[in-house]
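Please put together the full structure from these sequences, using the hints given.
Residue numbers (the numbering used here), protein chains in the order written: chain A, 34 to 203; chain B, 5 to 108; chain C, 8 to 618; chain D, 948 to 1461.
Bear in mind the hints are in silico, worked out from the structure with no lab data behind them. One should not assume that every hint holds.
[As the list claims (entries may be wrong)] One side of the interface only, derived from the structure: several residues of chain A facing chain B at Cβ under 8 Å:
#	residue
1	L47
2	V73
3	G131
Please read these numbers as outputs of a predicted model, since none were measured by experiment. Glycine is no exception: its CB is placed at the ideal position from the N, C-alpha and C atoms.
Read off the chains here:
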Amino acid sequence: MMEMLFYLAALVALLATVLALTRANAAHALIYLIVSLLAVAVLFFLMGAPFAAALEIVIYAGAIMVLFVFVIMMLNVGEEGVAREREWLGGRNWIVPGILSALLLLELLLALRHAPAATSGTAVAPKAIGLTLFGPYVLAVEIASMLLLSGLVGAYHLGRRFIVRRERKR
Amino acid sequence: MNGLQIPMEQVLALAGILFSCGLLGLMLRRNIIFMLMSLEVMLNAAALAFVAAGAKWSQADGQIIFLLILTVAAAEVAVGLGLVLQIQRRFKTLDMDQARRLRG
Amino acid sequence: MTAIWLIPLFPLASATLLLLSAGRLPRQVAAVLGAGSVGLAAVCVALTARAFLADGEVREFTLWTWMAVGEFTPRIAFYIDGLTVVMMSVITGVGFLIHLYSVEFMWEDESICRYFAYMNLFVGAMLLLVMADNLLLLYLGWEGVGVCSYLLVGFWYRDPANGSAARKAFVVTRIGDTAMALGLFLLFTELGTLDIQPLLAAADSQWQVGDTLPILATALLLGGAVGKSAQLPLHTWLPDAMAGPTPVSALIHAATMVTAGVYLIARTFGLFQLAPPTQEAVAWIGLSTLLLAAFAALAQHDIKRILAYSTISQIGYMFLALGVGAYASGIFHLVTHAFFKALLFLAAGAVIHCLHHEHNIFRMGGLRTRLPVVFWSFLIGSAALAALPFTSGFYSKDAILLSAWELPGIGHWLWAGGLLGALLTGIYSFRLVFVVFFGEAHTQPDHQPGWKMSLPLAVLCVLSLVGGLLVLPLGNVFPPSGHHAAGHTIEYISIGTPLLGLLLAYLLFLGRQLPVDRLVDSAPGRNLRNFWLSGWRIDQLYDALWVRPFTSLSRWWRNEPVDRIYNAVVAFTQWAHHKLAALQTGELRWYATTMVFGLMLLLAIMLRNAT
Amino acid sequence: MSMAGLILLLLLGGLLAWQAERIHPNLPRWTALVTVTAALLYLLAAAPTEPGATMAGPHYSGSWLLHLKLAWMPRFGIAFELAMDGLSLLLLVLTLLLGLIAIAASWSEIDFKPGLFQANVVWTLAGVCGVFLAVDLFLFFLFWEVMLIPMYLLIAIWGHENKTYAAMKFFIFTQASGLLMLLAIVVLAWQGLALTGQLSFSYFDLLGLSFDPRLGWWTMLGFFLAFTVKLPAFPFHTWLPDAHTQAPTAGSVLLAGILLKTGAYGLLRLCIPLFPDASQQFAPVAMGLGVAGIIYGAILAFAQSDFKRLVAYSSVSHMGFVLLGLYAWNALALQGAVMQMVAHGVSTAALFMLAGALQHRLHTRDMGRMGGLWHQAPRMGACAMFFALASLGLPGLGNFVAEFLVLLGLFSVQPWLAAAASLGLVTAAVYSLWMMQQAFQGAPDTRRNMADFDGREMLAMAAMMFALLWLGLHPQPVLDLAQPVLDSLRAAAPFDNPVAALDTAAAAVPGRGL
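Now the structure itself:
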């Protein structure tokens, strides 16, 4: 039963991803992407990583995707934008990316042939994660915090002028 | 609670497929927003592989890397979307085939 | 004993002074310095000669070691034997007379200072040439006189034709000089010295008669001699070199420098005796040159060019003498030739000077009464040139012809050729006399030569007449040649030939007895005349063979063909740059695609290595 | 005497000259003049002429006069190591003398940033002095670059109409070949490490290493290329005409007078002694290049209408003799090569100074627009004639001694090559006299009004004339200075014995067996 759930979630993730990336309307695509993320969260949970599953939902699907939503709303592409997207998705544009990704996938699968048999099934509790995170990985935490800070500053700097400008126009 | 015992090659194959889908999207789409979404898919696929590996060895490291990927994704999206706004302002389009200045 | 080193020092010091003055000296001072220094040198030479004649002792004098690298230790040193004394006497004696003559000839020229500087430099270099005790110092003098010749031929530099004549003179002789330099390399490499006397001794002990090496070495030396002495095939520069002032032609291109080749061969005759083929070549070169130049002289109408060709021809006699082993006769002819040819040139110069720089003999005429001094000088000079009996030229030329006759084997041929030359000499020299000094006048002289010009003419007249009685102190220098045992018939033929030439010239040019005009006006006649006028078209031949290929090659290469290689590298780099820059499209998807491609490749490599 | 002090003096003097511009625009040239004069006097006064105290290195005891070794980067075996022998001393004197000439030549020519100009001149001198003194290969490379950059600036900033192209070409040629040399130096040092177990860049340690022949060959080639580009030898010479033509007078004087000599010095000091076997194998090729350069340079010199270009090509031709002399590698030819370095330095510097003076007065280098200058400027004409004669190798002047010794030495090794090279004597006459004809003889242009040489210029010219006469008539002091060095170099890197060479020369003469 649980195995079935795994395969179902995997299928959902796959389908949702494909759909997300082939939509012409950004908002629709975003919704599919969120579905895909949620399905992956299910996979995490099933593999015994409840903490990761939770973060996937809260931060990925919750926070990051919402950023996308904001931006899509701000840009307000409209119908002609959707039509143009649809046009860009036409047949010939698929050839080279399709072949390349297919080849890469083939290579990846070949490379993964000899992967170890299966996951252990034992869950890793958040406590262990926290201990490891602030133990051996403390430097990574610091770096990540720096990264976030710089992301913050960069986003503020890049976004600010856009907003100011629009306000002045109004 | 305990998790499932899932064949690794299947999880990793899923991650690989998702990653390839992301790549496909990255190369296929001309709209910068979709390209960013594709990046998210790829990051997510990588995260899936890490988590699966962590589960295989019952170690916390996989999830920790996921956490780091998450921060990277967050920062990237923040800056990336800021850039999207700037591109829209400067080029009046989100089409990355047009938003370029190099003549080549 | 006189300080030998003073001899070249006087003219060299005077030249330096004149050059440093940069033309600011008044012309009186320049003239006194120029002529006086050569006069002083002549006095020193006379003293040295007297001392030498008194004891007959060879004198050596070392100033300093020029350079010393390993075994190569040429010195700045002088070697005075009979040959040197003879040469020095000619150079300073005739040189002084010509300098004196120049004072008047060049008085009006604004660059008289420069003129005397070059002339003195020439005398100094020529003295170094004949006094050198080693071949390297000789080479210094050799090139030095070449440069002075260049400077003096191109003395009136404003006319590009003079410049080109000067360049031709220098470059053509330089070809010979280069051969000579190679000869020096060969001699030093094989014999380990360039000092002339040890060199000759070493050659004598190391080489056998007829070895390849002496033949090669002498052939190379002969190259130098041929270039300097204007013999075939390097004679073409001398007629053009008449572009210089006439006293220059008298001094450099008649009396001294052009005979340097003769001196060189005489000086190194020991080598030539080891190389019979070269020696024979010397004779043949001399013979062919003397005939060729004599024919060319027949057709010229520029007074100086006639004399130039006659100089080439007379040096041909000297080469003939050297070739048949009559070294002393060759040097004897060198001396008498210096007298009468200098006399002829100076007289011609006087004609030119008094006729507003007229060179064409057919625009002269009838000068016998108007310029009597010049006429008598010219007559005496021509008589000596034609070797009329009892003039100086007669004695020397006769000796050469007799020596040729006595050479076994080819001797008779050489003698016959020389005789033909003598006939031609008689014709062209008296053609000159008759055309210029007889007949009706075409141009009037505006003044008479002054004493500074007349005195040298007079002295040279005397020398040309009685020079044949001189006994040169060459006995210890050259091997004694056997006494002449030729019959009287040969003597009579030798005496008669020039007279026949004189008669022919009279009939052709003065008496108008022979219908020569019609002959010349016919098509073959005219062609032949033009052929001889152009000097057997050898100039044109060399032009086509060497000059034009060189200039067109240089024009073709002018823009640096080697740079094309580097330009190709540059072009390739630029091409590659454009191609690579084209990859940087600024197109995000393109970057992504190429990254994927690269990732794919990396993975493929990884997979390949894993299996 | 302090060798480092000499270099330091020049470096500081350059700095001072640069800053002196702030006080007065004429001050830099005085500063430069005083600096170089002081350096020259110091050198002449303090340089020993007798071998100094015990010297490091087994190969060179005896001929070295001075030695200085300061630790610099001991970890990599790099030291600040200078040494001086007769050859270095000779070239140093030449360098500083020509430095004075260069400063005199540019006395009133430079209006733009005179301070920086003089500084670059003096710094170039410093770099060249360093090259002539350095015996640590890394330090050698450093000075090699130090002399390159100020020269690049001299051309690029104060050059003529096409200066950027010329400067870039100069820079790329020298730099590319210099990097090859750096590579070769590193390979050499590593090879030294492999053979002796000690990493060292010192010349004395690297000398006499026995090499794997193939590696030695390639390493030798690296050095050879660097030095022949600088020399320059055919076919690496094409930067030279452009650089010379475009450089300001002082730049041309320095370039022709001394920078080219660093190439010859490098070949003599480094390339051949470090790789005797490879060099000996390579000698025929090098000599062939020398002959090709002599003839090719002469033909192209004749083809030029630009005064400076003509002189530049004549340099190519003359430096061919140096290459020949070096690779003939016997006492005569080597002395000839050294002599040619000195004599050519003087004569070509003088010709470039003349060219610069003409350009300054006439605003053209095109000889088609000159002609008859002798009439208006007899002093210039006389100087030009003198140096043209020197350039064509008139006996009695330094160049003749050089060329004669080279050919004489070469003849015992390669008679046919000597014969081919002596063609250069004829062609040199052709182009030198053609130059005189075009520029100074012929009918003068009466509308032209130009000044003759003034006292300052005549002084410089007279000094160079005197030097050439002295070299030509009494070269012994120079020969004596170089002799012990050349002897020890030949002892360190013996080619096949010269007696055998004499025999082969004799055997190579055609028809000997007849």
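(request) Would you list, in rising numerical order, the hints stated earlier that this structure does not obey? (result) none
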